[in-house]
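Peer 1: Take these sequences, add in the hints, and give me the full structure.
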Amino acid sequence: MLNQLTQYLQSTVTPGQAGSMLWATIYILVIFAGISLCVVFINWGERKALAHFQIRLGPMRVGPHGLLQPIADALKLLLKEDTIPANADKVVFWVAPFIVTTAAFVVYLVVPFGPQHAVTDMNIGILFMLGVSSLGVLGIITAGWASNSHYPLLGSLRSSAQMVSYEVAMGLAVISAILMTSFTPGSGSGTLSMIGIVEAQKAQGVWFLFKFFPLGLVAFVVFAIAMIAETNRAPFDLPEAESELVAGFHTEYSGFRWSLFMLGEYAAMIAVSSIAVTLWLGGWMRPFPNLLSGTNWDTIFSLVPGAFFLFLSAVTLYSTARMPKKLTFRIQTVGLGAFGLLLGAVGLVMLVPGVRERVQDIFWFMLKVAVFMYLYIWYRATWPRYRFDQLMRVGWKVLLPLSLGVLIVTGVVGLSPELMTWLKGVL
Amino acid sequence: MTTTAKLDLNEDKTFLDSTELILNMGPQHPSTHGVLRVILKLDGEKVLGAECVIGYLHRGVEKIGENRTYVQFGPYVDRMDYVAAVSNGLGYCETVEKLINVEAPPRAQHIRVILTELNRITSHQVWLGTHALDIGAMTPVFYCFRDREEILKIFEKYCGARLTTHAFRIGGCQWETYEGFEKEVLSFCDFFEPKIDEYEQLLTTNRIWVERTKGVGVISGADCIMLGVTGPVLRGSNVKWDLRKAKPYSGYEKFDFEIPTGPNGDTYDRYVVRIQEMRQSVRIIRQAVANMPAGPIMAKVPKILKPPAGEVYHSIEAPKGELGYYIVSDGSLQPYRVRVRPPSFVNLQALDQMVRGRLIADVVAIIGTIDIVLGEVDR
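Those protein sequences? They're chains D and V, same order as listed. Residues in the first sequence are numbered from 86 upward in steps of one, following my numbering. Residues in the second sequence are numbered from 3 upward in steps of one, following my numbering.
Please keep in mind that the hints were generated in silico from the structure rather than gathered at the bench. Since the structure is predicted, the reported quantities are computational estimates derived from the model, not experimental observations. Virtual Cβ for every residue (Gly too), placed ideally from N, Cα, C. There could be a bad hint or two in this list.
[What the hints assert, rightly or not] Keeping only pairs whose Cα atoms sit at most 30 Å apart, straight-line, the calculated DSS-like set for lysine-lysine is:
#1 LYS482(D) with LYS216(V)
#2 LYS197(V) with LYS185(V)
#3 LYS197(V) with LYS155(V)
#4 LYS43(V) with LYS175(D)
#5 LYS185(V) with LYS216(V)
#6 LYS302(V) with LYS247(V)
[What the hints assert, rightly or not] Output of the computed footprint for chain V on chain D, the stretches with three or more beta carbons under 8 Å from beta carbons of chain V:
#7 126-139
#8 167-174
#9 398-405
#10 458-468
Peer 2: Set out below in structure tokens:
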């Protein structure tokens, strides 16, 4: 056991690459639990943020500032009666939510939270991610079809058309980022591996967002738009457009099965955001690696995660002190205090030398993903919904030509030194 | 920009072995504004035709009118268009006043104008919020309801009720304005005008909003007149018809305001017209408060109301269009017949023409833009 532990700590590659089944399994479990927990609290965060955009308070009753609301909701969903419509195709109806959830979670096998922090690193990582995540649409189509009802059918048809059309633009944007990996000086060949892509950004000393400015930025924007459509979120949330199709493809679903759809949707949101972070925002790399380089800055940045958690802890403990001193608030006060202490403990652990270097990668990665999550909520609060034909027009007539153009220009710009030498030779 | 892409029904034919889909939208649907049921005939997402089924909220208001005295029937009319209850009350009171040949004193008329215009704003706020929500913008509804609250507070202070106010009486008003009424109304006006800009900031130039509303649900002015459509829908189709100007009542001829119209008769124009109407309402309220006359608030009306035999039709410009009351009196304590001409009911008839050939998403946008209240449609 100790042997395994030291092996893990000394390892510089992912457990999958190191061939350690034990650690790979532990990673899978941790990621599954962690993502589920993230989904639960993104749900809370969405309700809170949306509420504050809309001059409301959002959940306030269950736990301090409604922190326990998602848990109460999850419990309610599990205990709810799980109805299957009489005319539904029962087997398919039963399988559909599992397809969606599985597709959303399998993607995390290759998400690189750090150079060592991924279940494994595949040489076709990004291809695997795109392929598996697009399986989710199958679950949505089957859900809509199996419900044997009009609204779900229309919702699932919209969804399949939408996801298929945006995948094209998305794929081309991804290819232009992959193309950039091949321009690493001295390597000459690109990579599809998720870790390799981040390493390439490190080697080239630039996040692909800023590479060949503005080409990387345009590709990133195309991806960022396509990924919202891909995950059926506002303003592209037509498949579940509440005001038109009641709840779209999951109208007939209830209880646990419905919660699986929710889980799948949010997990997919995190998954596509991590693709964007990996491809364009330097993955696990800390901010300003060039501007503020050197060992001193490295140390300072490695202290940030711990400091961040200690700050959260301080805020929480301050709020605990400000809680009303009433008997009815006692459980909430104790809960909030314990939560603050927990955050503080995590923060302290993250400051320990040796730990902090290993953990900071995960922190930076998750922070970048969290920005995307906030953007998702922000979009939802601000924008009306596109109509179906407009959605298709944006996908095929705007994003597709744009991403195709960016791909071609990236290739030309990337090869320009070679082209120039060739031209000189010809002339 | 090809935002107004025409959907030609013959453009792409269905497959030979396929049939149209009949979709029942409502009566329990998030965006049919209550209990409207629309039967849609669909070819994929395209709407081939729509049929409205109404009556789910029918309470027989008109029949109740035959069994109540003139005064007793007053509160019932508030329950028709419950988001514009003050207007309903004004229409009814004025109709009975016309029947018994009484005119409300100037001060009462001013109070009526102030409250009715405030009510027009609340009605438009509810419309804007729900309409935006139907199109997918979640936030405006909360902004609208936040500001609507301020008006409801004024109503509550004036007459004790917020929604179904029954603010007016036949012959004038029952209550004198409360202490500081004018000040509060004026401070609301100052507070509200920047808020309209806030709504507009979220929507007017929003690309998605413009794409979703421009060229959607187009109806020509001639068609509106043919169908009897009135109110902002008619004005959005470039017909300058407002009963406050055309047939002034309750002293509207004394106020200086404009009738906003839209050029194209699409959903966007109707949106702009209603936003402008809110601004005009604020303008009217300011004038009414500034020139508030002193004097009685109640005309001489007999304790027992027994109008002479005869009939009367009177209509006012309610927030949703022409609200008319037709009352036949047989000289007894109760009306022989009460008939209401509700704007929502008449405007709803334009739905089929407006949605034909559009997409499902446009159906909810168009139901929203007609601005119906099912309480008034079904009565």
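Peer 1: For every hint, state whether the structure bears it out.
Peer 2: Tested hints:
1. LYS482(D) with LYS216(V): holds (20 Å)
2. LYS197(V) with LYS185(V): holds (19 Å)
3. LYS197(V) with LYS155(V): It holds: about 17 Å lies between the C-alpha atoms, which stays within 30 Å.
4. LYS43(V) with LYS175(D): The hint holds at about 28 Å.
5. LYS185(V) with LYS216(V): violated (40 Å)
6. LYS302(V) with LYS247(V): holds (28 Å)
7. 126-139: Holds: 3 residues of the segment 126-139 of chain D have a Cβ under 8 Å from chain V.
8. 167-174: violated (count 0)
9. 398-405: Coverage by chain V is violated for the segment 398-405 of chain D (0 residues, Cβ < 8 Å).
10. 458-468: holds (count 4)
Violated hints for the displayed structure, listed by number in ascending order: 5, 8, 9.
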